[in-house]
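With these hints in hand, go ahead and build the complete structure from the sequences.
Just so you know, the protein sequences line up as chains U and R, in that order. The opening position of the first sequence corresponds to residue 0 in numbering that gives the first Met the number 0, with each subsequent residue numbered one higher. The opening position of the second sequence corresponds to residue 0 in numbering that gives the first Met the number 0, with each subsequent residue numbered one higher.
Take these hints with a grain of salt, some might be off.
Looking from chain U toward chain R, a few residues come up when the C-beta cut is under 10 angstroms (computed) [what the hints assert, rightly or not]:
1) Leu-26
2) Lys-42
3) Asp-78
4) Pro-131
5) Val-132
If you're looking for bench data, these hints aren't it; they were derived computationally from the structure. A virtual CB, placed ideally from N, CA and C, is assigned to each residue, including glycine.
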Amino acid sequence: MGMAAESQFHVLAVDDSIIDRKLIERLLKTSSYQVTTVDSGSKALEFLGLHEDDTTNPSTPCVSPNNHQEVEVNLVITDYCMPGMTGYDLLKKIKESSSLRDIPVVIMSSENVPSRISRCLEEGAEEFFLKPVRLSDLNKLRPHLMKTKSKDQHQKQEKQEEKSAFQSPKQQQQEKEEHQQQQQASNNKRKAIEEGLSPERTRPRYNGITTVV
Amino acid sequence: MIQMALAALKTQLKNFVQSMFDEGVLDSQFSQIQALQDSSNPNFVDEVITLFCTDAERIITELNKYLGYQSVDFSKLDTYVHQLKGSSSSIGAHRLKLACVNLRQASDDRSKEGCVRALNSITREYCLLRSKFQTLIQVTHDLIVFVIRMIGLKLSDIMVKTL
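Put into structure tokens, the structure is as follows:
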């Protein structure tokens, strides 16, 4: 409310349990993230723009040529134990995809199995949370998200430089100005997020009956 | 008078929730859920409880069904118990979670008798939990209705002092 969607981090949460989806959504929103929840690994891949059916030939990429996702996802948090595609399978598919491998992935599990944890971390998961996940766990997400954001900006910068080699000076100037404006806007908004000034936080907390339960 | 009545209701509610913690029916995870409720999400606890109960009943029904077969599919049982254990853990339903652990054990042991006993225990714990949740929701609603009536009588300044 009051903040444009593009300036918030967007997290995709994957869990087959309806209660856990509700909880993780609330936890993420409380931490000022934009959230999408899905109930399976295959739906997650669909949302990310990856199609499973191109898997017959191992030498060709199992990815549909879709470098521009409709909606940008900055982090995927997934349950480990799910029917069909497990969280581990989902992690692997993301890390094997050229378009998605830079998205940080976090695994959640109700079971504390050391071999499972190390397998996930080895495959590229940034964190492994034991369920039930708490608000304090989500604080560990921010550094991974900030890292991606600055990497993204660096890549955009490189693309811009490539592009300007083929543009007339006037075109270059126009695009530069537009980009600077966007940059300024998103920097201001990001600062606001970092300082915890999300509208929900500044709303006064009543010590009212609604919080007694 | 109104102040006293309100305070009494609030205390009743608080004590009731505390008793659920003391008896081990609920654990600290439930407090985490309460903490996620605020003015922007005033029905959060209610919603989670409702989702949980619907899901738990679905699972218990399935468990009863699979345990009723001549030849028990223990791996199917295990899948369902795993789900119920997970939900119980997520909502902070401590005793129900422990009952699930017992069913899992009996299922691992491939003991149909053991599973039946464990499922009975799960059903008992769930029914106890559900009735307590219903009381919790009822008392909370009574409190809210009480407050709304007071606001209706334009005694809002008393509310502010009490709250």
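Checked hints:
1. Contact between Leu-26(U) and chain R, as hinted, is supported at the beta carbon level, the nearest pair being about 7 angstroms apart and thus within 10 angstroms.
2. Because the smallest distance between the Cβ of Lys-42(U) and any Cβ of chain R comes to about 18 angstroms, over 10 angstroms, the interface hint for this residue is violated.
3. Taken as an interface hint, Asp-78(U) checks out: its beta carbon lies about 9 angstroms from the nearest beta carbon of chain R, inside 10 angstroms.
4. With 10 angstroms as the threshold, the beta carbon of Pro-131(U) comes within range of chain R, its nearest partner Cβ sitting at about 5 angstroms, so the hint holds.
5. For Val-132(U), the shortest C-beta to C-beta distance to chain R is roughly 9 angstroms, which falls under 10 angstroms, so the interface hint holds.
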